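Trainee: Residues per chain, in single letters:
There are 2 protein chains.
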Amino acid sequence: MEQTKKFLLPENELPEKWYNIIPDLPNKPKPMLHPGTKQPLKPEDLYPIFAESLAQQELNTTDSWIEIPDEVREKYKIYRPTPLVRARNLEKALDTPAHIYFKNESVSPVGSHKLNSALAQAYFCKKQGITNITTETGAGQWGTALSFAAKTFGLELAVYMVKISYEQKPYRRSLMQTWGAQVIPSPSMSTKAGRKILTEHPSYQGSLGTAISEAIELAMETPNCRYTLGSVLNHVSLHQTVIGLEAEKQMEMAGEYPDMVIACFGGGSNFSGISFPFIRHNIKDGKKTRFISAEPASCPKLTRGVFQYDFGDEAGYTPLIPMFTLGHNFAPAHIHAGGLRYHGAGTIVSQLMKDKMMEAVDIQQLDSFKAGVLFAQTEGIVPAPESAHAIAATINEALKAKEEGTKKVILFNLSGHGLVDMTAYDQYLAGDLTNYSLSDAEIQSNVNQLEKII
Amino acid sequence: MEQTKKFLLPENELPEKWYNIIPDLPNKPKPMLHPGTKQPLKPEDLYPIFAESLAQQELNTTDSWIEIPDEVREKYKIYRPTPLVRARNLEKALDTPAHIYFKNESVSPVGSHKLNSALAQAYFCKKQGITNITTETGAGQWGTALSFAAKTFGLELAVYMVKISYEQKPYRRSLMQTWGAQVIPSPSMSTKAGRKILTEHPSYQGSLGTAISEAIELAMETPNCRYTLGSVLNHVSLHQTVIGLEAEKQMEMAGEYPDMVIACFGGGSNFSGISFPFIRHNIKDGKKTRFISAEPASCPKLTRGVFQYDFGDEAGYTPLIPMFTLGHNFAPAHIHAGGLRYHGAGTIVSQLMKDKMMEAVDIQQLDSFKAGVLFAQTEGIVPAPESAHAIAATINEALKAKEEGTKKVILFNLSGHGLVDMTAYDQYLAGDLTNYSLSDAEIQSNVNQLEKII
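Protein sequence lines correspond, in order, to chains S and W.
For the first sequence, the numbering used here gives the first residue as 546, with consecutive numbering after it.
For the second sequence, the numbering used here gives the first residue as 546, with consecutive numbering after it.
If a hint is listed, it holds; no wrong ones were tucked in.
Since the list can't tell identical chains apart, any single copy or any two copies may satisfy a pair.
Straight-line distance between alpha carbons at most 25 Å, and here's what the computed DSS-like set of lysine-lysine pairs gives:
#1 551 with 794
#2 551 with 562
#3 672 with 696
#4 794 with 622
#5 696 with 915
Don't read these hints as lab results, they were simulated from the structure.
Please read these numbers as outputs of a predicted model, since none were measured by experiment.
Hey, can you work out the whole structure from these sequences and the hints?
Mentor: Right, dumping it as structure tokens:
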């Protein structure tokens, strides 16, 4: 008997609205605070940095559904709806009774889910008459997504790319340039922040914190320019819910409902995207789905961090955010899953974690690559090192189901492919990668610094 | 008004048979000849090199339809049916009345159409009880496809990769290794052919011809081992017809029929795949579709070669093939579209060309990359340098339609994406690439050598 593998939605079933989970939460997240006044943030506080519509979405705690503009839906159609896939070959390899489904966001032309928010952000900037935007990128997934989005809506984009990534990931840089973006290795001489660091440490290899500072500074000092961010913030999670809303309909086509929803976790954008629409059924319809975030053992904010107000960036320029954090000065090990090397979690996810409405597991680097290779060899797709964390967590749960002899339905988000990250697999196959362990003392020393912030 | 962009077939509409065009051809191609006896080739002549089913498909001139085994269809479902996409953003950028559709083969997990034949070839080898297979790869698309196909059917694979590609395309090598293949830079010390060349020319950078010789030698000298090839041959074209058969149904969904079908041309595998099913309607139903192959100006076998018996490889180990050729010793310039650097065309396409049932255009390297960048910036997908030739030819036709003010329906095959070829775009954007022109004398000198073969 032939078996269906892919569940495809027609374009006219592309969601018309994004889902804002905040109104449905039993406990609302604490407000973000203005870093100067320490007062709850108002949209106007954000207008100099972000497009107004995005600032309003960021602080919207009342509207459950936000319309997706037609112009954005038109661009979504380049790759959306994305397929839901039954991973039958992986199931066979694991000999598990579990049914494993994945939402395949790797079919996006930029190779990851990041485009879902990049298109929305570029659109709202354009609509406001903004002509130039800036951002930073570490691993490069967000920068590539925003490069195409900016080009498609006719915006000029400057991307500050962490210098070590700029040099180690030339394909990412070329991709951004092919889509027409200016890519500047950070630290650079183009900003005060960059010049200061380069003067003091001429050979500094850069960090996400410095790149954020440079991107914000350029946005503030350029006429008609705004800054954009690819994770952590509420409006980014909002845009990413298109993933879960599609997956809901597709699980229905498959005739199943997930017992578990799993995604890798950096700042939370892909986890939020696939989870929030299903969490609403736990809240409103009595469903008992488990939601599991998979973070790297080297950057375990949800499994070992503290819940506290902290800055979103190293330099402390952003609002104070109520979050699970390892401290904004935490320097994660240089694992290949660059997109997961972030010290904190967004406010909504942090509240969900605090309220035990989701779980978190940590995954060692070698386990993530082992899972990634098995997935490539069974399902064909070489996963991004980030997404391989979700696969590792999925495999763990599928093997538990096998031990218990129970048929569990697992849905995970394949946030992206790894075709532009093959050096990572190369090093893994050559045996050149290691695990990273983090002592409690290391975590405590950063967390202790936090106490002084408020 | 919202407009449909993608036309998706459900999995149960995946073709059940491949289409063999030979029985429908008004003039049958001349037979391939045994290189020793110069007699028409019999399937048995090929059994020592190819799996028997593949050898039989190669010489089948009577059956129009060949069943696709269920096991192959199951694996096709990992990525097939692939989308047919209306390139509305490209149309807008060109301001053309033409309707441009593309068949998106880049969604294959290996990034190109090559998997369509790789899965079939691996399956038929496995079915015959073969345990080991060999092949060669230049640009790397075929090698990566066969690596996943071999793993998925449990075969051991050795890939001889042209040494200069092995060193310049580390991502391709890593991909093959991730899927479990042995990758050997060619020339190597593992074969007599390799050792001979390395002894005479220790710093030789390799060629496709040498790599073929090594792969065939290893297959002949290893128990239970066969050789596989990713283009040129009839059975490869046969497997690729799944592209055009799907596109037929999808054009029907779109409510249009193509006035032109366009594909890039190396050995002919993707051109055959998208064209043959539509050519049958020209033959049988009086349709007047034009079929246009886009070859690089630096390797113009169809536009400037001669129709003659020639060898498929540099060394002259293969059968003699009736083909349009530049001579098997022709050394094409080192353009980035490595998959198009081949001296000849398959027998069926050559016959179609001779009978004026198709056309050929040549595309300069800089025009191909200009087209590739425009496509990336409008439709989001960075095309493979090979596929960019088809896009350039499509743009030329769309601009002609604009001049003439006629609505033409153009269908082209996007054979693959370029995410693993970003160094090529990098060099293009940096202004480091050039065009290549080829004098008549250069072509003539190679073609003259041919006269002596038979």
